[in-house]
Amino acid sequence: MEHNWRDVRKDTLQVFREIFMHLEEVGLLDMNSPIDRVCLYIVFQPRIQASLDETHTSWNLHRMRTEKHKSPRAIYELSREKAINRGYWTGDPGDDLATASHPSYGEDSNAPLPPLDELANDPEAPDYTEFADATAEREAGVFVNDNDEVAEMKAALGDFDYLADDGNWGIDAYCHAVALATAYFSLSDEE
1413 MEHNWRDVRK DTLQVFREIF MHLEEVGLLD MNSPIDRVCL YIVFQPRIQA
1463 SLDETHTSWN LHRMRTEKHK SPRAIYELSR EKAINRGYWT GDPGDDLATA
1513 SHPSYGEDSN APLPPLDELA NDPEAPDYTE FADATAEREA GVFVNDNDEV
1563 AEMKAALGDF DYLADDGNWG IDAYCHAVAL ATAYFSLSDE E
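Position one of the sequence shown corresponds to residue 1413 (my numbering), numbered consecutively onward.
Hints may be right or wrong, so weigh each one.
Only pairs whose alpha carbons sit at most 27 Å apart, straight line, appear in this in silico DSS-like list of lysine-lysine [said to hold, decoys possible]: (1) 1422 with 1482; (2) 1480 with 1494; (3) 1482 with 1494.
FYI, nobody ran anything at the bench for these hints, they're computed from the structure. Keep in mind that this is a model prediction, so the values were computed, not measured.
I would like the entire structure built from these sequences, with the hints used as guidance.
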């Protein structure tokens, strides 16, 4: 499982991390600006989710050498069918939420570690610190967009298609959204 999370970070999320760092480096993203922050969310959240969904689908369909080249989905369906045919399928989905939520759930302490060169290039693990509220998160540097901010920004952007493929990983769509939102809010401030 740890290997899978590393692959998700490296192959699915790292590109977005690099885009965000690039936008900050060239001065196109200021996380202290509500406009930049909410436009970033509106433009990139669906792209990140699509990337995660694609990774999820790929994982379920990839062939595993140790399982006679069957995919996880095929293994599940075959075992389910076998259990139904033998009369012991209970419909039990597996471990309960409390068990599955334990921090060490799914860890194999006997699993080999990845090679050192891979560990050296592994993205940093996220910090899942719990915060009392959105204000505490913002003070800690974790920026949270509330639903009202997102709704207000979508209204300000009107019919702008922030989901369109701009051929530039969403960077052009983000820049266009920021320009539109900045113009909209500066006009509404003047009135």
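Each hint, compared with the structure:
1. 1422 with 1482: Holds - the C-alpha atoms of residue 1482 and residue 1422 are around 25 Å apart, at most 27 Å.
2. 1480 with 1494: 17 Å, holds
3. 1482 with 1494: Satisfied, since the Cα-Cα distance of roughly 15 Å is no more than 27 Å.
When each numbered hint is compared with the structure, no violation occurs for any of them.
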